[in-house]
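I would like the entire structure built from these sequences, with the hints used as guidance.
Next come the chains, spelled out residue by residue.
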Amino acid sequence: MTLSTLAWGVIGLVLTVMVLSYLIGDNVFFRIAAHVFVGLTAGYFAVIILYQIVWPYLISPLINGTWGERLWMIAPLVLILLLVISQFPKLIKLGTIPLAYLAGLTAALVIGGAVFGTLIPQSRAVVEAFDPNRLSPSANPSWRVIADAGVMLIGTVATLSYFHFGRKSQPADDLEKTERPKVFEVLSKVGQLFIGVTLGGIFTGIFSSAVLALIDRLIFMGGMISQLFGGG
Amino acid sequence: MTVLICPECGAENPLEAESCRECGASLVNILPSEKPGEDFPGDEPFDFASQDANDLPGLLQSLKQEDDLSTLDETQEPSEPDGSEEAPSEEPQEQDALPEWLRRIRQRAQEEEDSVGEITQKIAAAKDTLADDKQGQQHENFSAWLESVQKEEKQKSIEDTTEVEIDGEGDREPQPGDEDWLKRIRKIKGDTFEEEETLSPEDQAGDSLLQWLVALESGQATAQEIPEVDSDETAPEGDTQAQKAEGEEIGIGDGDTMPVSLIEPVLDVSREEQELADKLRSTIADEKTARPERTREEPAAHWVVLLILAVLLIGSLSLSLFFGNQVRMPQGTVLPQNEAVLDWAEDSEDKTAVLLIFEYAAGYANEVERVALPVLQQAIQPGTTIGMAYSNPSGLLLSERLIDQVDDYLKLTDLGYYPTAALGAYGLTDQTAAGWEFIDYPESKKPLPEWPFSAVVILSNSYEGAAGWVEQMSALDPDRPIYLLVTAQAGPLLQPYYQSGQVAGMVSGMTEAAVVETLLAGEGQALVRWRSYQIGVLICLIVIVIGVILNGSELSTNERRVRS
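Here the protein sequences come in this chain order: E and W. Position one of the first sequence corresponds to residue 1 (the working numbering), numbered consecutively onward. Position one of the second sequence corresponds to residue 233 (the working numbering), numbered consecutively onward.
It is possible that part of the hints are untrue.
25 Å max Cα-Cα, derived SDA-like pairs, lysine to any residue [stated by the list, open to error]:
| id | chain 1 | residue 1 | chain 2 | residue 2 |
| --- | --- | --- | --- | --- |
| 1 | W | Lys643 | E | Pro56 |
| 2 | E | Lys182 | E | Leu160 |
| 3 | W | Lys643 | E | Ile48 |
| 4 | E | Lys177 | E | Tyr162 |
| 5 | W | Lys643 | W | Thr617 |
| 6 | W | Lys643 | E | Gln52 |
| 7 | E | Lys189 | W | Thr617 |
| 8 | E | Lys189 | W | Leu725 |
| 9 | W | Lys643 | E | Ile53 |
| 10 | E | Lys189 | E | Tyr162 |
| 11 | E | Lys189 | W | Pro728 |
| 12 | E | Lys182 | E | Ile154 |
Cβ-Cβ distance ranges computed for the label pairs, FRET-style [to be verified]:
| id | chain 1 | residue 1 | chain 2 | residue 2 | range |
| --- | --- | --- | --- | --- | --- |
| 13 | W | Phe555 | E | Ile80 | 56 to 62 Å |
| 14 | E | Ile80 | W | Gly784 | 53 to 59 Å |
| 15 | W | Val559 | E | Leu3 | 32 to 38 Å |
| 16 | E | Ala147 | W | Leu539 | 44 to 50 Å |
| 17 | W | Ala753 | E | Pro56 | 37 to 43 Å |
Rather than coming from a laboratory, the hints here were simulated on the basis of the structure. C-beta: ideal position from N, C-alpha, C; glycine also.
Given below as structure tokens:
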């Protein structure tokens with residue numbers, strides 16, 4: 001074990017113990033460790049942005065590029081300038097231009113991805129689950145394939161019904177003004193069941209990941225202590 | 233003018249009316265009354281002479297000596313002296329009202345020139361002169377004084393920007409402030425008179441009148457002088473202080489001054505506005521009130537329970553890690569998504585280039601490494617080109633740590649950091665699509681990926697990050713196989729992408745990782761952690777169930793208590 005490995009190992013051990021001290025409540029050691037992590041992360045993130053984004057995509061073309069490449073850099077420079085001078089209260093409206101550009105670009109990408117990468121493929125998967133061709137060559141029994149497709153269909157419809165908040169356009173009485181149609185009311189109850197199971201699965205996964213993180217920290221601490229005091 | 237006041241609506245009706253002309257109510261048996269407003273106090277002449285004449289009874293009293301005080305009090309009616317001098321036609325009635333001794337004195341004075349002596353004659357002459365002069369002059373002075381007060385009030389109202397409206401014309405309507413300053417002046421004068429009346433007969437102001445008359449004889453005083461009201465002597469101490477604080481003296485002619493109080497501008501506030509103001513004041517006062525800092529008092533048992541649970545969890549995990557025997561993974565059914573990953577890892581064909589996406593945080597590095605290492609060690613062979621891109625800032629360090637454990641002889645291509653998963657995926661994938669060509673568009677100084685990669689492997693700890701890459705890549709390049717190696721918390725939400733065929737295979741969490749590791753590499757790091765993982769999950773489940781039961785019983789107890 002080198003001196004550097006030993007030093008960083010001891011620092012890691014101390015910081016791990018300080019974070020684990022939160023098990024007995026909030027205390028000064030946990031706060032110190034949290035502040036150290038937040039500061040280190042912020043500093044590291046700034047360096048990553050400078051070396052991975054600003055330098056290769058902005059500074060380097062300006063310094064080493066041709067005149068044509070430099071002209072292309074006018075657009076990002078103007079947007080950066082607008083964002084910087086928007087910090088002055090009188091010029092705050094100028095900051096909306098680069099922010100609008102970023103928001104529009106991100107929204108276009110996200111919406112396009114959500115529609116063509118999630119909504120359409122997932123809907124098609126629900127429909128294809130009832131494809132008769134999947135019954136014969138499948139290794140799974142036919143009843144299981146049908147059950148899977150049925151559960152998927154019911155889960156999809158029921159979950160969507162849970163988020164249906166429409167009302168009748170011409171309610172007959174005051175009750176219909178406040179209540180959903182009976183069909184959606186029943187399906188929403190089924191949807192609650194599916195949503196509850198999903199959230200339970202996510203919660204279990206979070207717990208599982210947390211337990212694994214604790215196990216890894218214990219392994220690290222045990223290894224460091226055995227190296228420090230056990231010689232190996 | 234005498235009118236009939238309607239008892240119902242208060243309207244004025246003529247005397248001959250039998251019913252109200254406004255509301256029609258019967259006016260029978262309604263006694264006539266003076267028309268309101270005609271005897272408005274402000275319209276009365278401010279007669280200093282009549283007030284000064286009140287000093288006269290003291291003098292008369294000293295002259296009378298034998299007569300009783302009750303008779304003297306009757307002569308203190310303010311209208312009597314003035315009426316006797318100003319309205320001779322009413323003399324017979326006044327003669328009846330005068331006491332007998334005064335009537336005898338006056339009769340004797342008319343019959344015998346020297347019957348009452350020189351002093352009495354001087355008093356009568358001085359009184360007449362004083363009354364005539366002062367009435368005229370005081371009225372003039374009062375008018376000037378009234379104008380000066382109005383000017384000062386206007387100026388003050390403008391300066392203070394109050395809501396009091398002053399017309400500034402002679403025929404302006406009486407304002408509440410007018411009543412106030414008149415009342416205050418009369419109060420001052422009234423206090424003076426009351427105090428003078430309460431003095432003993434020897435100390436009454438009649439003596440001062442005598443002194444003044446003597447001074448008048450010697451030429452030290454003039455008939456125009458008004459006995460100055462000494463506020464220090466007559467007014468109560470509190471009023472004096474108030475006058476000193478807010479009052480000043482104004483001239484009333486011939487260099488004489490009179491103390492008046494400056495009228496504060498009247499703010500017309502309704503009851504609702506006053507209530508709102510009171511609420512606001514109480515709120516501000518309540519906000520400014522210093523409160524003792526409330527500290528959350530946790531019972532000592534709570535801290536002890538936490539400590540016991542921590543020791544129990546850490547102790548159990550440590551014992552199972554360092555003192556337990558090696559466990560063997562039970563051979564069970566392999567999930568379809570795991571089987572697809574196994575097939576790809578064990579297939580030796582077409583693995584010349586693999587794109588690795590690092591989309592997990594440092595805190596989940598150990599779990600992701602337990603999931604990814606067996607697969608990558610099996611799939612990546614020496615000489616394989618590895619492209620690395622990361623949408624997490626820690627990706628650079630985490631990629632180095634993972635690759636070091638895979639193989640030392642890999643062709644690594646660093647594609648850099650992409651702040652947003654969707655942007656990165658679109659930017660990387662779109663290079664294979666037919667895009668526009670921009671003249672002189674600057675090339676990135678980073679090495680571009682050598683497409684086509686045979687597969688894309690996404691390592692993630694969150695659903696959002698992995699979904700961003702999957703959405704873009706599956707939409708732009710649907711034929712490219714995508715494999716997910718993710719944590720347990722991201723697995724359930726990414727499962728539909730495998731169901732839809734957008735993802736070719738997936739391994740998530742410790743359980744699946746242990747199965748895949750067993751099938752690919754035999755015993756490994758995942759199995760070392762497997763028993764501790766089971767014990768830790770079991771302890772957490774027990775604690776959650778106990779907590780739910782205790783919390784539920786406590787809630788039901790509180791509910792029963794509330795109901796009872």
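Okay, the hints, checked on the actual structure:
no.: 1; hint: W:Lys643 to E:Pro56; verdict: 22 Å, holds
no.: 2; hint: E:Lys182 to E:Leu160; verdict: 15 Å, holds
no.: 3; hint: W:Lys643 to E:Ile48; verdict: 23 Å, holds
no.: 4; hint: E:Lys177 to E:Tyr162; verdict: 18 Å, holds
no.: 5; hint: W:Lys643 to W:Thr617; verdict: 5 Å, holds
no.: 6; hint: W:Lys643 to E:Gln52; verdict: 20 Å, holds
no.: 7; hint: E:Lys189 to W:Thr617; verdict: 51 Å, violated
no.: 8; hint: E:Lys189 to W:Leu725; verdict: 21 Å, holds
no.: 9; hint: W:Lys643 to E:Ile53; verdict: 23 Å, holds
no.: 10; hint: E:Lys189 to E:Tyr162; verdict: 7 Å, holds
no.: 11; hint: E:Lys189 to W:Pro728; verdict: 22 Å, holds
no.: 12; hint: E:Lys182 to E:Ile154; verdict: 17 Å, holds
no.: 13; hint: W:Phe555 to E:Ile80: 56 to 62 Å; verdict: 59 Å, holds
no.: 14; hint: E:Ile80 to W:Gly784: 53 to 59 Å; verdict: 57 Å, holds
no.: 15; hint: W:Val559 to E:Leu3: 32 to 38 Å; verdict: 37 Å, holds
no.: 16; hint: E:Ala147 to W:Leu539: 44 to 50 Å; verdict: 48 Å, holds
no.: 17; hint: W:Ala753 to E:Pro56: 37 to 43 Å; verdict: 38 Å, holds
Hint compliance for this structure: hint 7 is the single one not met.
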